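Trainee: So the chains spell out like this:
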Amino acid sequence: MSEQIKFEGTNGDRILVMACLLLLALPGLSSLGVDMEQRGEELRRRERRPVQGWQAPAAIKDKTGWAEKAYSDRLGLRTPLLQLRSLFHWGVLGQAPGTEMVRGKGGWLFLDYGRHLDNWRGAAPMSDALLQDWVKNFLIRKENAEAGGSKYIVCLLPGKPSIYPERIPERFARVGPSRRDQLMSALREAGVTVRDLLPRMLAGKAHDSQEQWDFMVHPTGTHWSGRGERVAEAWLRAELDIEPVRAPWVRRKGQRAVGDTWITRLYLDGLAPFSDLEWWTVQKPDNGIKLRNKRHSRQWKNGERRFHMNNDSYGRGIRDLLGRNVWLRSVWEHSLDGGRMRTSQAEVVVDWFVERVLDDLVPSEFMTSTPADLQRAFAAGESSGWSLESGSPGTWRVLGEQVVHQDLEQPGRIQAGVKPATLLLEGLPELEQDCILELDLVAPGFGGVEVGVASRPGGLKSADASQCVAHLGGRRVLHVPILGFKLKRGNRLQVLLDCGPGTYVLHRARLRKIEPLLGLGLRAR
Amino acid sequence: MLFHSPLFLTAFLPLVVLLAWVAGRRGRNWVLLAASLLFYAWGEGPMVAVLAASGLVHHLLGLLVGRRGTLLSHWALGVGVAFDVGLLVLFKYSAWLFGETPDLALALRSDGATGPPIGVSFFTFQALSYLVDVHRGVVEPQRSPFKFALYLSLFPQLIAGPIVRYADVATQIDGREVKLQRVADGFRRFATGLGKKVLLAGSIAPVADQAFNLPPGELGFGLAWLGLACYSLQIYLDFSGYSDMAIGIGRMLGFEFLENFLHPYSSRSVTEFWRRWHVSLSSWFRDYLYIPLGGNRHGRVRTGCHLVAVFLLCGLWHGAAWTFVLWGAWHGALLVMERVGLGRFLTRLPRACQHLWLLLAVCLGWVPFRCESMGQAGSYFGALFGFGSSNSPWTLERFMTPAVFLGLLLGALASVPWVPWARRTLAEINTSARRRWLVVADLSLFLVLALSLAEGLGGTSTPFIYFRF
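First to last, the sequence lines map onto chains A and B. Counting with our numbering, you get residues 1145 to 1669 for the letters of the first sequence. Counting with our numbering, you get residues 662 to 1130 for the letters of the second sequence.
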């Protein structure tokens, strides 16, 4: 009846006890005095050692979890043990050794983070509410772009499963439209211009070579391969009618695309099929021409065509080739600061996002707003006690000038040259909650007004919680949100006036506390 | 610190075992007490003070209860029972009963956690059984507060059982021997439990989670049954695996804990199931609640009432939710039905039908046990009986990977009593062949230990289900 297994043999017992103790104690012992800095590249960074804060009893629990992770990350024999685990998963169970990876056909690997494959196969379509939030997000972006005179297009890029569905295990059979398909249809219905790269990528597969391990994507990674990027670059240039840059693509052999393969990170070296890639890259010209494109509107050359591209991690390789006047903004949170779109005054604003963002991002949490949204939030706000009106405690001055102005009984005049002027708003109260700054400002031309919090006395080079709004020129009332930052005594607001050289006139500045805001159109949290 | 975490496996366990061996008879208990308190504090931080306070209170009350035959003894027992019930209500049931967690519990739980402290149900029941046993004269009160603290906090079984009675370990606490053969058996048992938990339960747990987490309208017939099968095996492998590990560690340290699982899924009736499932809990309820209530001594109706009452409380012991109450009521009702005639009917059926009945009855009971709400349980039952989604994209094929299939197969194998059969067979073959087989078995267990350690390092394992009770 008992589940107990009783074995005999004293020698066997002795050997077993010694072997088990050795197996258990050896990893710990071998990490004593051995620096495990050489740990293999894994899925996440190594946990830091928790060294502080053990004094508070309540914090012990958090620290112990942290300490366990740090200990595991530094454990001796970690690599052989994880190789054993990978051998078991890959060789015996026939699966990828990670909960967020799926082993495809022919030894391919697919990232399944956020249940990407189920979303792709149509098993978990977006609800109507979620879909509408995404549409609203893109409509706000469109409104911002068009307010700056830009044409707006969205490119929802196809990921690995869309390009190579035949490599996905049969159990992920498609049952409906993917989230990308859903959103593209909805955006088109809403009047947003959507362009589809997928047909071009599928056409590119005709040149695949199994023997040379040459595909449009990295078979054991996540992103497009160099050839895939090359196809995307040609497609985008054709879409935008951009002149090609004189930097040829070349093929290189024998260099592994480290950084976009999961093989090493999953300890699958020697287990999974992996060939050194023959990959495409850009031949850097040796004639002194810089390939890097512009990262800031102020660096743009007047008279040249301008493009503004909000991109995530896809197509890094093509960015250098899009031309000098493509202003790139890396957008990870997709919480777009619409003012920058308006300020860019680009011919076209391109949103360049891979479909995988639809798996785990929640658009209702994006701080995407229009000027009207901000004005509404300001009107509903409550006075912070700070303003630049008669009798108010606020003061202001221009960076580089010693004169401190008390209030704005007379409008303040600020002269700016080619270099933008910076206004400092001082005497601010301590504020625990979000707020909005209202500026009644005359500007000499179209441009951006960027407001950040200078939290260190001498640290004007960096500003926290920076937000940019567009100024269309002339006299305008602007509303700039200051979100997720607690104002402390001594903090200053740093206002960068970037609307061209000339005279700026500040008529009024008010700061209002607002309710905690969240999401599209700044609705209440 | 989980039993399958790298820190426990590669540092805590070998260090404590070695220290306990070299500390000698007198030092051994001190090493274990310190290790046990550290083990609990590591996971529960300041709540170790509650454990220590409970130990102190029960030790003092035990001395008073030990003055048997006096009014003081009765009063002390009453205070002890009130203390334990109060502790459980404070930390586990207050939010459910009164709608909010009392300030006292929040103040004691200064770490901001809202759930009950890990293992509170286990160590409270242990403490209560001690007071009652002393009152009944089954054991003498422990005079040493440190030895009593060791009994209450012994780390192998502190947070998820088995619920060890003082009478079973009293002599072992006073003095025990560590023999090589028993240590080897301890390692074998520990590796078996670790493999059950990490390799088998871990491979099928994602399917159960997926099935039970799907929105009601999306669950189809096939996945509903697969999810239920996976959960039924998972909870057995998870919990019996923990008990195996606890018993194994106990043997390494010279203790012998009673068996907690006796292949319950091989039972042929629900009555038999409860003699084999979580034995330490079911026997606790039998000895300290069912029999004192009157047991089966007052006719069929009263017996039925006693059974239902005991199982309602057994359900509540697992958690403060109506789903657990329903689970308890389900088992109570099944036991009553078997007593009033169903049991006799079952014995006339072929054995396969009896097993089928047991599996069906128990597995269906796991539905409310696993579900978060009664509504979810209702939807899940609907899907099981064909009222779920008819064109769900979540098909069997989607989840039936080789790893899940292997996990189910080996899990089912681990839940039938093939070991006694293997032992008998081995005893019949000649010595050299038997030795070879034993070496193969030991090598397999060693590999299981290494793989489980590697799996823990990979960080994909889930916590033990029974921790939350």
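Read the hints as simulated data drawn from the structure, not as lab findings. Errors might be hidden in some of the hints.
Label pairs and their calculated CB-CB ranges [said to hold, decoys possible]:
(1) W983(B) <-> S1329(A): 37 to 45 Å
(2) E838(B) <-> I1159(A): 16 to 24 Å
(3) P806(B) <-> E1576(A): 43 to 51 Å
(4) D870(B) <-> P1309(A): 57 to 65 Å
(5) L1070(B) <-> T1243(A): 20 to 28 Å
(6) A1334(A) <-> D870(B): 32 to 40 Å
(7) A1083(B) <-> K1249(A): 19 to 27 Å
(8) G776(B) <-> I1159(A): 37 to 45 Å
(9) A1088(B) <-> T1243(A): 40 to 48 Å
(10) D1272(A) <-> V718(B): 51 to 59 Å
(11) G760(B) <-> G1634(A): 31 to 39 Å
From a predicted model like this one, the values you see are computed outputs, not experimental measurements. Even glycine gets a Cβ: it sits at the ideal position worked out from N, Cα and C.
Trainee: Give a verdict on every hint.
Mentor: A quick look at each hint next to the structure:
| no. | hint | result |
| --- | --- | --- |
| 1 | W983(B) <-> S1329(A): 37 to 45 Å | 43 Å, holds |
| 2 | E838(B) <-> I1159(A): 16 to 24 Å | 21 Å, holds |
| 3 | P806(B) <-> E1576(A): 43 to 51 Å | 49 Å, holds |
| 4 | D870(B) <-> P1309(A): 57 to 65 Å | 27 Å, violated |
| 5 | L1070(B) <-> T1243(A): 20 to 28 Å | 21 Å, holds |
| 6 | A1334(A) <-> D870(B): 32 to 40 Å | 36 Å, holds |
| 7 | A1083(B) <-> K1249(A): 19 to 27 Å | 40 Å, violated |
| 8 | G776(B) <-> I1159(A): 37 to 45 Å | 44 Å, holds |
| 9 | A1088(B) <-> T1243(A): 40 to 48 Å | 43 Å, holds |
| 10 | D1272(A) <-> V718(B): 51 to 59 Å | 57 Å, holds |
| 11 | G760(B) <-> G1634(A): 31 to 39 Å | 45 Å, violated |
Hint compliance for this structure: hints 4, 7, 11 are not met, and every other hint is.
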